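Engineer: Can you build the whole structure from these sequences, using the hints too?
Now for the letters of each chain:
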Amino acid sequence: MIYALIPLLPLTAFLILGLAGRHINARAHLVAVPAVLLSLALSVGAFIEVASGSVISLPLYTWLTSGTLDIHIGLHIDRLTAVMLLLVTGVSSLVHVYTIGYMHGDPGYARFFGYIALFTFSMLMLVLADNLLQLFVFWEAVGLCSYLLIGHWYERASACAAATKAFLVNRVGDFGFMLGLLLVWYSFGSLNYLDIFPALHEATEVTMNLLGPFGGTWEVSVFTLIALLLFTGAVGKSAQVPLHVWLPDAMEGPTPISALIHAATMVTAGVFMVARLAPIYNLSPTAMSVVAITGAVTMVLGATIALTQTDIKRVVAYSTVSQLGYMIMACGLGAYASGMYHLLTHGAFKALLFLGCGSVIIALHHEQDMRHMGGLKDKLPITYWTFVVGSLALAGFPLTAGFFSKDDILVSAWSSGDLGRTLTLLGLLTALLTAFYSFRLVFVTFWGTSHVDPHHAEHLHEPSRTITTPLIILAVFSVLTGYLGIPSFLEPIFQTGGEPAVPHGSDGLMIMAAATAMGLIGMAAAYYVYVLNPDLPERLARQWGRLYRGSLNKWYVDEAYDCLFVRPTLAAASKLWKHVDVHVIDGTVNGIARAITWGGWLLRLVQSGQTQHYALAMAVGIVVLTAYLLL
Amino acid sequence: MMPFSSADLFLILPELLIITAACIVFVLDPVLRTSDKDGLVWLSLGTLAVCMGLTASQIQAPATIFSGLVVIDAYGAFWKLLLYFVTGLTILLSHSYLKEERLYFGEYYGFVLLSLVGMMVMVSSSDLLTLYLGTELMSLSLYVMAGLKRSEPRSLEASAKYFVLGAFSSGILLYGISLLYGATGSTRLPEIAAAISSRNLDDPLLLFATILLTVGFGFKLAVVPFHMWTPDVYQGAPTSVTAFMAVAAKAASFGAFLRVFIEGLGGLKANWSAMFLILCLATLILGNILALVQINVKRMLAYSSIAHAGYALVGVVATGHMGNSSGIASVLLYLSLYAFMTFGAFAIVAMLRKGGIEGDNIEDFTGLAKRHPVAALLMLIFMVSLAGIPPTAGFIGKLYVFMSAVEAGLPWLAAVALIFAVISAYYYLRLVMVMYMREPSDLSSTSPRMVMSPSLSIVLACAVAGVVIFGIYPNPLVNFAIQAVSALK
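Line order of the protein sequences matches chains A and B.
Each residue of the first sequence is one higher than the last, beginning at 1 in the numbering used here.
Each residue of the second sequence is one higher than the last, beginning at 1001 in the numbering used here.
Incorrect hints may appear among the rest.
Unchecked claim - Partial chain B-side listing against chain A, Cβ under 7 Å, derived:
id, residue
1, PHE1226
2, PRO1390
3, PHE1420
4, VAL1422
5, LEU1429
6, MET1433
7, ASN1475
Because the hints were derived from the structure by calculation, they are not lab data.
Everything numeric in this text was worked out from a predicted model, so none of it was measured.
The beta-carbon is built from N, C-alpha and C at its ideal position, and this holds for glycine as well.
Structural biologist: Right under this line is the structure:
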């Protein structure tokens, strides 16, 4: 029962801060930080208990019952959940500490802590869910928290539309998720994991006729349909192509948010969901291929965009998109344990990189453009060294955590069939690009000559201890998580009777060597381009103008969506409004004008033309309905 | 001729009490000084509280009274309790709003109460003529209330337009009732049901009567294509009245409509569900698309309320299609949850003042989060709930409606409704974006500000509590709705 406190502690912190925030403003961290640290301690306890092989189930209360539907809010802790619990509470604790320094003196200090506590609660409930509906509810709740946080603390006016875009893009994904959810309920009569999974094998032959309402026939396996619909949600939340457009814009929020929500936790919910529902995905090879290919495309696309961005947070953001692609690809190839492993290590080193960016941004008084940085490594030694550790892990440098997890994905991918082999090659290519852009970031920001605004250059100094301590801890974990044996810890949950997903062999060594080589080549290339020949990048950009501009403008995906979806819808809506729903505003204004100038104004108002139109529409409605029912 | 028992009077005690309160308000209003008129507010609220207790005690004791004209049951009690609650909120909101608008009409509260009595009669009548009586009492009071801002042409226009079109629709409803009487020989719902079950269902007279009843109710429910009065009237009427119309009048109309179509015309389910399918799709499409381009918040909310009637109709179609009552229960649930969020949103609009007038354009919400963080946060919660995003009440309502559609074998209808729910997020969140992500242009005296008052705080607290609590723990309300529906014959 004590594990119920894992989510409830952050919730309590949120409630206290929400109700009494005004009175404890500058001391808000005294409420939030202990709460989340205690959560972390309990999560470690749960992890140890689960490691011994048990599964913890805690129903909290009955949420909905009616007819066949019976849904509880409950907690379900198995090995998969335990890993996520550690990641969420761990990163959240560090971000809480970091926030003390980062948001110091902000008028909304308590509110900010309140929101991240609320986010932590929602994220914990998401991973602890024992049924799909609870998962979905908190899936939306984390999105809402993210929206609130960006909305309250945007750093530039351009963020206005961006935060809303993030939310709307996610609605598209969630539309699919919700449909998938309804379909699961329709097919299995339940939404609880433990009811669905045993019932799966009974429904393997069930198909749905998608063209039924239109009189056609297109039989699709119900598993494929469910898996793909739910995956749409993951595409939105985990920023996969084609719904990846929101994540980089979400970077307009404060940096602790980027680290917590947009790197380590919320965006990984999609990967977690696919892994959680592995028994469903395993039954649909079609859906699995779609998942794998989507992941691979995202992986490559994200990396190519990250090459040219100049805002340091955006580089890291696109890198996140790309790394999420790795994880999704791994899940799509059946290597769930590898995907989750990478999720964990990535959570550590990407949070580190974001918090490092935040440290640089504070030191430079909210400058985010790389071109106005340079030469920072002597001024900000702790930030620099931890950043290098993070970048090494991201680039897959041997013996860092990122090396082990990325290698694990590539080896599993290679051994999973023809599609897997093709995608492994893409993965290796991406590894090269990753190493290149991550060290481009290091070299341009921390090395070379300083392009810092002279105003700030003089009193440039390392931020406070509450900021550097989390960096050091995360740097340690960026190496350490590679040695905890996570894949073998996770593998038992994903074994559903088939042979082990990852047979290691001599191929494994070959892939490992290739990945390492790619990483080293990428780093060397970055060193060659940005340190040895500082004028080379510009020449390259000119020489490959079209490619460069494409990457810089994120391959024009935003513009395409604007032209294809947003503008036509709005145009159609206003046409419809003008023509179908009468000239309302004009009509009213004219009506008033006439009412004032003419006598008998009450009659006038009624006879301004619209009233007859409205009555006419009703009459037409009667005729149409009569024709429909009687003829 | 009609057997009359004084025990029947006791069962309509809530109605009688409210009528008495309304009369007291009308009589005392002219003699009271403006400063004493607050007493009328407390009188009205006290009466509602007493009635709430009386009606709650009737849930377990169903009875048919006045020889079958009126029925007291859990179904009626569900709606009545909702209506008391909404009326109470309306009175509290009006208490602040009328002061801001300098509308010192005590009789306003009298009309609110009379209208409430009309609604109560509507949801508890098992005879079409009683029902007609109820709709007219409700509507006539609303026509007056809509035109209360006598100095404002738009308010008068709204009132006049509402009256003319309302009379037109009443005529259609009455015509439908008379045709149904001609076809079945009765106006009592049980007798109509019995007559239908022994007849050929393709009888054109019966079907035409059904169509006319549908149109009559369609007007009250603001279902496309009988919705056109809604934006004009909602925009023109005083905002407290708009909130009352959008929530209470809609709820009462749904209550009466469902009773007639299930208890009386249940035998024609197959026919009317096909018809409602068309109306439902048209309402979902037009309501949501047209809300996208509105620049006035009241108009936007008007189209939004049209769209919400569309979602509720999904549950009606599901019932007609499958014949199970979970569809109807989902409609009850949907409308009661809709009440909280819509009323809350209108309350915020009402109290956002710009100079002496209402700031009801979307621009007026610019930067509200900076000037009034609490009001902005509440509006955000209402908008998120209207968009159907968990963990708010709006999500629970949509979930149940969609599930009833899936259960009835109409997954594609759920999918269509879901698409429009996604589109609706755009216009609800646009308001949120304006509130949160734009700087207030200037802080001069003409820039919009929220006028807070104790009564408004109570209204907002009730509304937001409903949205949040029923989002997290909807089970009691769900069970009440199921219990209410099981009382329908």
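Engineer: Take the hints in turn and mark each one as holding or not.
Structural biologist: To see whether the hints hold, each was checked on the structure:
| no. | hint | in the structure |
| --- | --- | --- |
| 1 | PHE1226 | holds (5 Å) |
| 2 | PRO1390 | holds (4 Å) |
| 3 | PHE1420 | violated (10 Å) |
| 4 | VAL1422 | holds (5 Å) |
| 5 | LEU1429 | holds (6 Å) |
| 6 | MET1433 | holds (5 Å) |
| 7 | ASN1475 | holds (6 Å) |
When each numbered hint is compared with the structure, a violation occurs for hint 3 only.
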